[in-house]
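Top line first, the protein sequences correspond to chains B and Y. Residue numbers for the first sequence follow my numbering, beginning at 1 and rising by one. Residue numbers for the second sequence follow my numbering, beginning at 1 and rising by one.
Derived from the structure by calculation, the hints contain no laboratory data. For each residue, glycine too, the CB sits at the ideal point set by N, CA and C. Check the hints yourself; a few may be wrong.
For lysine-lysine, the following DSBU-like pairs were computed, each having C-alpha atoms within a straight-line distance of at most 30 Å [stated by the list, open to error]: (1) B:K101 - B:K71; (2) Y:K9 - B:K101; (3) B:K57 - Y:K44.
Not everything, but these chain Y residues come out facing chain B in the computed CB check (under 8 Å) [said to hold, decoys possible]: (4) G42; (5) G104; (6) G106.
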Amino acid sequence: QQQVKQSPQSLIVQKGGISIINCAYENTAFDYFPWYQQFPGKGPALLIAIRPDVSEKKEGRFTISFNKSAKQFSLHIMDSQPGDSATYFCAASYGSSNTGKLIFGQGTTLQVKP
Amino acid sequence: NAGVTQTPKFRILKIGQSMTLQCTQDMNHNYMYWYRQDPGMGLKLIYYSVGAGITDKGEVPNGYNVSRSTTEDFPLRLELAAPSQTSVYFCASRTSNTGELFFGEGSRLTVL
Numbered sequence: 001q002q003q004v005k006q007s008p009q010s011l012i013v014q015k016g017g018i019s020i021i022n023c024a025y026e027n028t029a030f031d032y033f034p035w036y037q038q039f040p041g042k043g044p045a046l047l048i049a050i051r052p053d054v055s056e057k058k059e060g061r062f063t064i065s066f067n068k069s070a071k072q073f074s075l076h077i078m079d080s081q082p083g084d085s086a087t088y089f090c091a092a093s094y095g096s097s098n099t100g101k102l103i104f105g106q107g108t109t110l111q112v113k114p
Numbered sequence: 001n002a003g004v005t006q007t008p009k010f011r012i013l014k015i016g017q018s019m020t021l022q023c024t025q026d027m028n029h030n031y032m033y034w035y036r037q038d039p040g041m042g043l044k045l046i047y048y049s050v051g052a053g054i055t056d057k058g059e060v061p062n063g064y065n066v067s068r069s070t071t072e073d074f075p076l077r078l079e080l081a082a083p084s085q086t087s088v089y090f091c092a093s094r095t096s097n098t099g100e101l102f103f104g105e106g107s108r109l110t111v112l
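Just chain Y, same shape as in the assembly (with noise of 0.2 Å):
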């Protein structure tokens, strides 16, 4: 079972460049999450979704953008990439029937 799947694993950014973390689960969850981990911070919610063409903000969702096309995909964009957006990206989903959530094994983005 592949679960939730996150790329890239790594990314260096420049200041200013835009990207796209790719996350994709094959549970045929409605919900899902996108969270940023910074040490000692815990994990933030950036944006979330319940559904395709659903998304919604969360705590942190300032110089993001979501979209979900399909249940399977759940995009993260960043556009104008800066310094404070250097975090560890998790991905997570969820069925609507339990509290549980999935998460992929993360993307570790820099920007300098």
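For reference, chain B alone in the conformation it holds in the complex (with noise of 0.2 Å):
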């Protein structure tokens, strides 16, 4: 029930193009749905959050779907660039005030074809 599950594992998108990842989740309790973007040999950095409350959160060129009743949401990357070229992680947490400890999903592996 703690389990967050992400896919695809791996990802190739033409420069301009849409990417999409997906997550799904089991315990309802989860309060809290981020993003992390990891660049080679660096530590993973926030990209994107969102909170049950909310259907849909769109920074720039990208946008997380939540889909609460199916316990699944999405990232969707518009006008993919060259330099999105990363592996993405959704994550998923409850109680953000009290430990916050996140539940990552095992991560995509996105790869942004010039």
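Make one complex out of these two single chains by using the hints.
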């Protein structure tokens, strides 16, 4: 019940295309859903996050879509650029005001071809 | 701004040896975490701390120990290293007000 399942494991997209990464969770107590971006040799960094009281959040070319009834959320990268090539992790937690322990998905390696 | 600093960046250990991974943050964050990252497995929480003197186990604590004597430092101790502990280790911190984790650049450990 603590798992967050992420797919696909890897993704290749042409420059200008849309990249879509999906995550599913089981624990309905989760109330915070962030996406992290990681470049090779670096630590993950927060990209965008959503709480379950909204169905969509957009920041620039990055959008989170959230489906509470299906217990799924996804990251959409519009107009994908070679600089977006990185590993993306979805995550979930409950009680971010408490311990805020994040449960991470398995990760998706995105390659954007020029 | 230094943020979260981890040392060493790389280390090779022999089976049975012990070592400490250091983590320091200069953001006055109360919450600190240790994760390990293995290919295709995402990040798994090893230990975490909600403040100086308080630590608790995460998902995969076996073979590790931590301490939190100050707000800034959160070292991770590996006792009797095993090949299964070959991994990249990340330290992270956050405030109590937001959910955003700030990660260090990682420590790559190989146990042979």
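request  = Compare the distance between the alpha carbons of K57 of chain B and K44 of chain Y with 30 Å, and conclude whether the hinted pair is satisfied.
outcome  = Cα-Cα ~26 Å, so holds.
task = With a cut-off of 8 Å on the beta carbons, see whether G104 of chain Y makes it to chain B.
result = 5 Å, holds
G42 of chain Y as chain B interface residue, shortest Cβ-Cβ below 8 Å = Cβ of G42 of chain Y sits 4 Å from chain B, so the hint holds.
inquiry  = For K9 of chain Y and K101 of chain B, compute the direct alpha-carbon distance and say whether it is at most 30 Å.
reply    = 24 Å, holds
ask   = When the nearest CB of chain B is found for G106 of chain Y, is that gap smaller than 8 Å?
value = 6 Å, holds
request  = Starting from K101 of chain B, check that the Cα of K71 of chain B is at most 30 Å away, please.
outcome  = Holds. K101 of chain B to K71 of chain B sits at ~19 Å (cutoff 30 Å).
Hint compliance for this structure: every hint is met.
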